[in-house]
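A.B. asks: Letter by letter, the chains look like this.
Number of protein chains: 2
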Amino acid sequence: MKYDSSVDINIAKAPTSKIDSVDFENLKFGHIFTDHMLVCDYEDGAWKTPEIKPYGPIQLDPSAKVFHYGQAVFEGMKAYRDDNDQIWLFRPDENFKRINKSSARLAIPEFPEEYFFTGLEELLKLEKDWIKKGFGNSLYIRPFVIATEPGVLASPGTKYKFMIICSPAKSYYTGEVRVQISERYSRAADGGVGAAKAAGNYAAQFYPTNLAKDAGFQQIIWTDANTHEFLEEAGTMNVFFRVNDTLLTAPTSDRILDGVTRKSIIALAEANNIPVEVRRVTVQEIVDAAKAGTLKEIFGAGTAAVINPIQGFGYKGEKYELPKLTDTYASFFKNKLMKIQYNLDKDQFGWRYLVKE
Amino acid sequence: MKYDSSVDINIAKAPTSKIDSVDFENLKFGHIFTDHMLVCDYEDGAWKTPEIKPYGPIQLDPSAKVFHYGQAVFEGMKAYRDDNDQIWLFRPDENFKRINKSSARLAIPEFPEEYFFTGLEELLKLEKDWIKKGFGNSLYIRPFVIATEPGVLASPGTKYKFMIICSPAKSYYTGEVRVQISERYSRAADGGVGAAKAAGNYAAQFYPTNLAKDAGFQQIIWTDANTHEFLEEAGTMNVFFRVNDTLLTAPTSDRILDGVTRKSIIALAEANNIPVEVRRVTVQEIVDAAKAGTLKEIFGAGTAAVINPIQGFGYKGEKYELPKLTDTYASFFKNKLMKIQYNLDKDQFGWRYLVKE
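Protein sequence lines correspond, in order, to chains Z and X. For what it's worth, our numbering labels the leading residue of the first sequence as 1443, then goes sequentially. For what it's worth, our numbering labels the leading residue of the second sequence as 1443, then goes sequentially.
Only chain Z is shown next, with the shape it has when bound in the complex:
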């Protein structure tokens, strides 16, 4: 059950909108939020009636478990407006399933599907004016769950807050990105929470990323913690390598996030006769391919940037530069994906989801 009009949602509309004060031509990613937010509290073993109310601060006890024990998971999604002013989501069922998978791994109670879809769609209807027409414009949607129960005993909470906040976004261009292949730091452990969108996974990346920046790179390609021989993710994105004309990416695992963009690219590659190998990729084969000139592309894949081309990488003190191709897989997939997202292309996989008026 997705959208369900019988779900009770308390809606308190903001008395005024701040939309007119927003410069939609110069949006910094994730900085401006819309007029409303969805809030749903978990107490006494159940999710209570979801509320949509004016966007604003939340009050928590300083001993709330999210502050001390990091019980927090999130999702990233986008809403798109097509030329006929219809509003679309992209594979929202994947985000719904994943937030509950993340929650389960962090001992957070799962959120009901009809609350997720009904709450999200009611919120989007209220915020429709924030979703601007134009290829690349979107409303970034951030569902998240935090443990709110007071108490500094390290145990799962019995009180949680599920929320959705929304931020208008332009297409995300990061400039030329060069990455450092990690030889020392790692993102996740086998048997750990790397496959969950757990808040703590992200803070853990900031310091190694700062070191990479100091060394002249913009991001890190994470390798496996055991041997640092296998390539896993790029920054906060899944990563793809094109060697000759074959696309390579690591399989999902305990350590690797099951990205929606990642799996969509794999499906598009298969549908477009682009050879794709989902297997462990060694640092050595990528270094060898770079030296041999057969490494054509590296790119990250994620909701925020869609696809983030990587122009070069560093490993063991050596720097490797990739060729500047005019006809890239990165732009092919980005264009394909965005055309589906903006209802400009047929949707052969049934990925688009219409937000009904």
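Please note that the accuracy of each hint is not assured.
Since the list can't tell identical chains apart, any single copy or any two copies may satisfy a pair.
What the hints assert, rightly or not - Below are the EDC-like pairs computed for lysine to aspartate or glutamate, each with C-alpha atoms no more than 20 Å apart in a straight line: (1) Lys1570 <-> Asp1787; (2) Lys1570 <-> Glu1625; (3) Lys1470 <-> Glu1591; (4) Lys1601 <-> Asp1503; (5) Lys1758 <-> Glu1799; (6) Lys1612 <-> Asp1696; (7) Lys1470 <-> Asp1503.
Everything labelled a hint here was simulated from the structure, so no lab data went into it. Computed from a predicted model, the values in this text were never measured in an experiment.
Mind docking chain X on chain Z? Use the hints.
C.D. replies: Just chain X now, with coordinates in the frame of chain Z:
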């Protein structure tokens, strides 16, 4: 520089105290907080004037980075009252150094030493009545730092809140504890944040611990993520094994917290001619010792419980029961440590720290 009377602290006292409503004989760990808290904000590249104010909720934007990216670290300490009504801390310099080590690993700005000690001591002077006389009574102290800056871009924040909250505690008895040795889940990765008291490390343990509870155990002994052959920590504590009369514990590493109780036990063992080996301990040698009857004790070590004896363990479907000794290392070290903490024994290592009136 520790306590520094020239540090400016704004103090707003609570109009009334809730102390008379507290049942000090029946305290649940970490549930009741004292009348005041310390708050210090980081903004514009600097820690501002610390404030002590009435304990109460804090307001944060729903996009605050702590909720989404888990930038949060903490410490656990205790204050003790001796028979002459003097208030003592135990090795607070270790907690101070460690919170900044944790912060550095999570790209959080370090907190000034004079703010830490002056803020903490001023807070303790105000809360002195909450620190009850009696062996085992203490005030549990929770310093922590959270990233408060709004914005859903995954990057280190530029705004933080350092806080100290306090909770009165009785001696912590967990009952007979049996643990499951982890064969599948892990606590930390090489090159990860296991050595930091990072909030996200704790949430990651809840689900595997729930599975262990379902299987009839109270806690997990974590093994290394690569091979699950080496014993690392017990629940949220460091872990010690006594084989014959030798004490074994894992060395600190990327994955293992440099516990204050742990290092104090090692020092006490050395000073008391108890053979102690700080080295990697294999699951196999502990299983073999249990079978041979030479495994005398297992115990966890941490600030909250001091020492937590473990009565048995499970591994690969087998259960192992430890002998019930009358003369244990666990009680020897617990007694030694607590006597130092409560100013009942000489302090040969200089571990006690007097909170001046």
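A.B. asks: Next, verify each hint and record whether it holds.
C.D. replies: Structure-based check of all given hints:
1. Lys1570 <-> Asp1787: Classified as neither: same-chain Cα gap 22 Å, cross-chain 69 Å, threshold 20 Å.
2. Lys1570 <-> Glu1625: Classified as neither; 46 Å inside a copy, 49 Å across copies.
3. Lys1470 <-> Glu1591: between (33 Å within a copy, 15 Å between copies)
4. Lys1601 <-> Asp1503: This pair counts as both: shortest intra-copy Cα distance 12 Å, inter-copy 19 Å.
5. Lys1758 <-> Glu1799: This pair counts as neither: shortest intra-copy Cα distance 55 Å, inter-copy 56 Å.
6. Lys1612 <-> Asp1696: neither (32 Å within a copy, 39 Å between copies)
7. Lys1470 <-> Asp1503: Intra 31 Å, inter 17 Å, cutoff 20 Å: inter-copy only.
The structure fails hints 1, 2, 5 and 6 (numbered hints given earlier, in ascending order).
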